[in-house]
Amino acid sequence: DGGITQSPKYLFRKEGQNVTLSCEQNLNHDAMYWYRQDPGQGLRLIYYSQIVNDFQKGDIAEGYSVSREKKESFPLTVTSAQKNPTAFYLCASSSARGGSETQYFGPGTRLLVL
Amino acid sequence: EDQVTQSPEALRLQEGESSSLNCSYTVSGLRGLFWYRQDPGKGPEFLFTLYSAGEEKEKERLKATLTKKESFLHITAPKPEDSATYLCAVHGDSSYKLIFGSGTRLLVRP
Numbered sequence: 001d002g003g004i005t006q007s008p009k010y011l012f013r014k015e016g017q018n019v020t021l022s023c024e025q026n027l028n029h030d031a032m033y034w035y036r037q038d039p040g041q042g043l044r045l046i047y048y049s050q051i052v053n054d055f056q057k058g059d060i061a062e063g064y065s066v067s068r069e070k071k072e073s074f075p076l077t078v079t080s081a082q083k084n085p086t087a088f089y090l091c092a093s094s095s096a097r098g099g100s101e102t103q104y105f106g107p108g109t110r111l112l113v114l
Numbered sequence: 001e002d003q004v005t006q007s008p009e010a011l012r013l014q015e016g017e018s019s020s021l022n023c024s025y026t027v028s029g030l031r032g033l034f035w036y037r038q039d040p041g042k043g044p045e046f047l048f049t050l051y052s053a054g055e056e057k058e059k060e061r062l063k064a065t066l067t068k069k070e071s072f073l074h075i076t077a078p079k080p081e082d083s084a085t086y087l088c089a090v091h092g093d094s095s096y097k098l099i100f101g102s103g104t105r106l107l108v109r110p
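For the record, the sequence lines run as chains A and B. Numbered according to the working numbering, the first sequence spans residues 1 to 114. Numbered according to the working numbering, the second sequence spans residues 1 to 110.
In case anyone wonders, no lab produced these hints; they're calculated from the structure. There could be a bad hint or two in this list.
[Stated by the list, open to error] Label pairs and their computed distance ranges (CB to CB):
| # | chain 1 | residue 1 | chain 2 | residue 2 | range |
| --- | --- | --- | --- | --- | --- |
| 1 | A | SER67 | B | GLU17 | 45 to 51 Å |
| 2 | A | GLN17 | B | GLY16 | 48 to 54 Å |
| 3 | A | SER67 | B | HIS74 | 40 to 46 Å |
| 4 | B | LEU107 | A | GLU69 | 41 to 47 Å |
| 5 | A | GLN56 | B | GLY29 | 16 to 22 Å |
| 6 | B | GLN14 | A | GLY16 | 49 to 55 Å |
| 7 | B | ARG61 | A | LYS57 | 37 to 43 Å |
| 8 | B | ALA77 | A | LYS70 | 44 to 50 Å |
[To be verified] Distance condition first, Cα-Cα at most 20 Å in a straight line; then the derived EDC-like pairs of lysine to aspartate or glutamate:
| # | chain 1 | residue 1 | chain 2 | residue 2 |
| --- | --- | --- | --- | --- |
| 9 | B | LYS97 | A | ASP38 |
| 10 | B | LYS97 | A | ASP30 |
| 11 | A | LYS70 | A | ASP30 |
| 12 | B | LYS97 | A | GLU101 |
| 13 | A | LYS9 | B | ASP39 |
| 14 | B | LYS42 | A | ASP38 |
| 15 | B | LYS42 | A | GLU24 |
| 16 | B | LYS97 | A | ASP54 |
| 17 | A | LYS57 | B | GLU1 |
| 18 | B | LYS97 | A | ASP59 |
| 19 | B | LYS57 | A | GLU101 |
| 20 | B | LYS59 | A | GLU101 |
| 21 | A | LYS57 | B | ASP2 |
| 22 | B | LYS97 | A | GLU62 |
Just so it is clear, CB atoms sit at the ideal spot from N, CA and C, and this is done for glycine as well.
Let the sequences and hints guide you as you build the complete structure.
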């Protein structure tokens, strides 16, 4: 079955630690996205990538980093510079580059700070 | 600035009691309006995409409609399994990204 996988489901971060969230898709989509979801708020865009080896900052990129070395993979690193990382992180992909094609979401990773 | 407002924030219905969820939007040049369903602790599940005013789409008990200023998600004779948060998002000409509303939490009681 085609889809988007995210791992781990839960992730715990210690003070000063960098952690990496995995996102893989087998939909052959060009574009991939990372969102952050906080209670009572809409999804906010962290980073997006429209093609391999290229990515752009979204609205809340500070304290985060990404890479896009393969079409199927778009990992997100939450660095120690992100002071409030506790949230639900969602990865999405779509077939169009900058168009209005539907974004499909993964199951999410919940990040908690110890 | 592109903006999406969903109402109500929360809605409680009895099983079989039909109702509608509202998504009001302000966008320069609508390229698409999207409805998603999200269950607690899970990623959003795609429901519908609407592209132009007057367009309607249906899926089981759900029907989405679109005007130039808002979209409605009509739920006919809902069942408890329809309980979820419903998210609306828009994509406009002036931006590369989707703008999401805060969602409507729907609870359908048996």
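Hint check results:
no., hint, verdict
1, SER67(A) - GLU17(B): 45 to 51 Å, "holds, 49 Å"
2, GLN17(A) - GLY16(B): 48 to 54 Å, "holds, 51 Å"
3, SER67(A) - HIS74(B): 40 to 46 Å, "holds, 43 Å"
4, LEU107(B) - GLU69(A): 41 to 47 Å, "holds, 43 Å"
5, GLN56(A) - GLY29(B): 16 to 22 Å, "holds, 20 Å"
6, GLN14(B) - GLY16(A): 49 to 55 Å, "holds, 51 Å"
7, ARG61(B) - LYS57(A): 37 to 43 Å, "holds, 40 Å"
8, ALA77(B) - LYS70(A): 44 to 50 Å, "holds, 46 Å"
9, LYS97(B) - ASP38(A), "holds, 18 Å"
10, LYS97(B) - ASP30(A), "holds, 15 Å"
11, LYS70(A) - ASP30(A), "holds, 10 Å"
12, LYS97(B) - GLU101(A), "holds, 11 Å"
13, LYS9(A) - ASP39(B), "holds, 15 Å"
14, LYS42(B) - ASP38(A), "holds, 13 Å"
15, LYS42(B) - GLU24(A), "holds, 16 Å"
16, LYS97(B) - ASP54(A), "holds, 16 Å"
17, LYS57(A) - GLU1(B), "holds, 18 Å"
18, LYS97(B) - ASP59(A), "holds, 10 Å"
19, LYS57(B) - GLU101(A), "holds, 16 Å"
20, LYS59(B) - GLU101(A), "holds, 19 Å"
21, LYS57(A) - ASP2(B), "holds, 18 Å"
22, LYS97(B) - GLU62(A), "holds, 17 Å"
Consistency note: the structure conflicts with none of the earlier hints.
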